[in-house]
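Colleague: Below, each chain spelled out in residue letters.
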Amino acid sequence: MKKPLAYLDNASTTQKPQAVIDAIVDAYTNHYANIHRGVYDLSVEATDLYEGVRAKVAKFIGAKSEKEVIFTKNTTESINLLSYCQGRTLQSGDEILLTQMEHHSNIVPWQMLNERVKTKSIYSSSGTEGRIEKSFDPELKTEEFSTSSNNKKVKIKYIPIDNEGRLDLSTLDKLVTKRTRIVSITLMSNVLGTINPIKEIVSRVRSLGSKAIIIVDAAQAVGHMKIDVSDLGCDFLAFSAHKMYGPSGVGVLWGRRELLEQMPPFMGGGDMILSVDFEKTIFNDLPWKFEAGTPSIADVIAFGEAISFIEKIGSENIRKHETGLTRYAWNLLKADPVVKLYGPEPRRGPSSSRGAVIAFNVDPSASHSTLRDKPSGSDSKSSGQVPIHPHDVASILSDEGVAIRSGHHCAQPLMSVLGIDPPATPEQAQDLRWRTGAACRVSFGVYNTKEDVDRLIEGIEKVKKVFKFTKRSGSSRQSSNNILRAREASREVPI
Amino acid sequence: MDIYREEILEHWRSPQNFGKLEDADFVIDQINPLCGDQVTFYFKIKKGKISKISFTGKGCAISIASASILSEAILNKPVSALAKITGRDVLKMIGGPVGPARLKCAFLSLEAIRKIGSSRLKLEQ
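One line per chain: the protein sequences are W and A, in this order. Counting with the working numbering, you get residues 294 to 788 for the letters of the first sequence. Counting with the working numbering, you get residues 530 to 654 for the letters of the second sequence.
Read the hints as simulated data drawn from the structure, not as lab findings. Among these hints, one or two may not hold up.
Every beta carbon over 12 angstroms from chain W, so not counted as near; a handful from chain A, in silico [what the hints assert, rightly or not]:
#	residue
1	ARG534
2	GLY577
3	SER580
4	ALA602
5	LEU604
6	PRO607
7	ALA610
8	LEU611
9	GLY628
10	LEU639
So the derived label-pair ranges between C-beta atoms look like this [as the list claims (entries may be wrong)]:
#	chain 1	residue 1	chain 2	residue 2	range
11	W	LEU298	A	LYS581	39 to 49 angstroms
12	W	ARG409	A	ASN561	26 to 36 angstroms
13	A	ASP531	W	GLN384	56 to 66 angstroms
Glycine included, C-beta positions come from ideal geometry on N, C-alpha and C.
Bound-form chain W, shown alone (with noise of 0.2 angstroms):
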């Protein structure tokens, strides 16, 4: 008999309130026509609904105006908008700024923006185009990435994290500097949890006398605490409806208005433009220059569900519910001595610097006792000292209805700083197999309880019972010993 679902997995996509689904049958049904286009009743009343929208996601993040908010498809064409019309200003040698924790769509976008700016050497023919060349600097711990040998065009820097999986901001002072052009960085990592400090970051970055444009990635965080876009003080804010109880294909960019107004279009076509003749166009106002083409109609009008949802039960009450289902997972999973945790320690209440993901992988050299058991010779083998694969780990537990996340989490340079994945030479191939190259992942919403948690702690066992730790290592009874005084400890305290 199938097992009732534990979803574990909310910081890839959340699962949809029925007022959500609803929404969208509801817009098909009775309100569905295109949006700024018709004079009849049903295209008006179809384009009030979307606007309305609008209207609403300006609040819920604090926006001045309306205008400000872009309805993109998410995140990623969020940040790749960016990349398109910020980026086109960029010269040779100019500098973008990022962190070692950020997703793959907070890196990929900017180093395909490298291939496009204009620089005199990307035409000539000294065959160094799309070579990456790599630095290091021994003073920052930190690599530097540039396409071409002479430096010649946009530099890539990576603000470095420490061991808690906190973002070094000692670095800043000599990262940020005359041609710092961008600074693009996530409010909460979807791997450590960790929750920048955007606010002091804005700061700090402007106190160096620096005027490049500060973009947040906030897919993780948004939906999981409250956001202030003018408390923040960045520049622009990026996120995704369907990682907020939202439909997928729905996705925002908030910017500021003389930024936006400033920015060419991203894409041409119907509704960014004015009026059109054979040679030329006049682009539209905003927010419409940058909304080319029908977007999805009934989604972003459900979308507003979404935020009803979040409003009613309320952002701290969420970060509340969140932050007590983090501490609690994280103290059961540290009592089990061969569960590697990543990422800052989960603090008290709401001013905890950390959301609700955590990463981890079952390994039994995390553990002392483990080591101090180690058994000599082949018996080391068997006894299960090899870290399992984070895919047998969710294998193991999609059959006891817990469904975790398990891989590189699209952020793969991350991985290789955790030394979850360190970049191997051909040499150093036969070392490979005891790297995983991955992690596990569990991350909450607002639906999850304890008893999920409490599934989550028992699947584990099952893996390390498939696994053969029970039998061998000595360390199960230990284990589940020291998971009961945790599980009991943490009963006591209300979340």
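Following the hints, position chain A against chain W.
Modeller: For chain A alone, coordinates are given in the frame of chain W:
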């Protein structure tokens, strides 16, 4: 999951033919971009037969065990036989279905050794 039988776990803990082959005639890499699993096969060919084989790589128990089992199965077989191995054969070798989410893991090595088929003409020369 029933696939994690003792035989599979044993291949995962102590994979057969694991390591680099210094005098390899052919080296074939295969990566699963979805999960980052990676395998490299080393072949030594003598008279159209696989006289030596080894592999290195990283991956889950299913992909490492599949590589180990497959390497044992094709040792001393003619190179021409490689192209005839099907996914069904691999599932049979590892002892049963793995579920759609894990097929990529089970077939990573199969995809790697199939590549040698395209090099066959060169091999026979």
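Colleague: For this structure, which hints from the list above don't hold up?
Modeller: 1, 9
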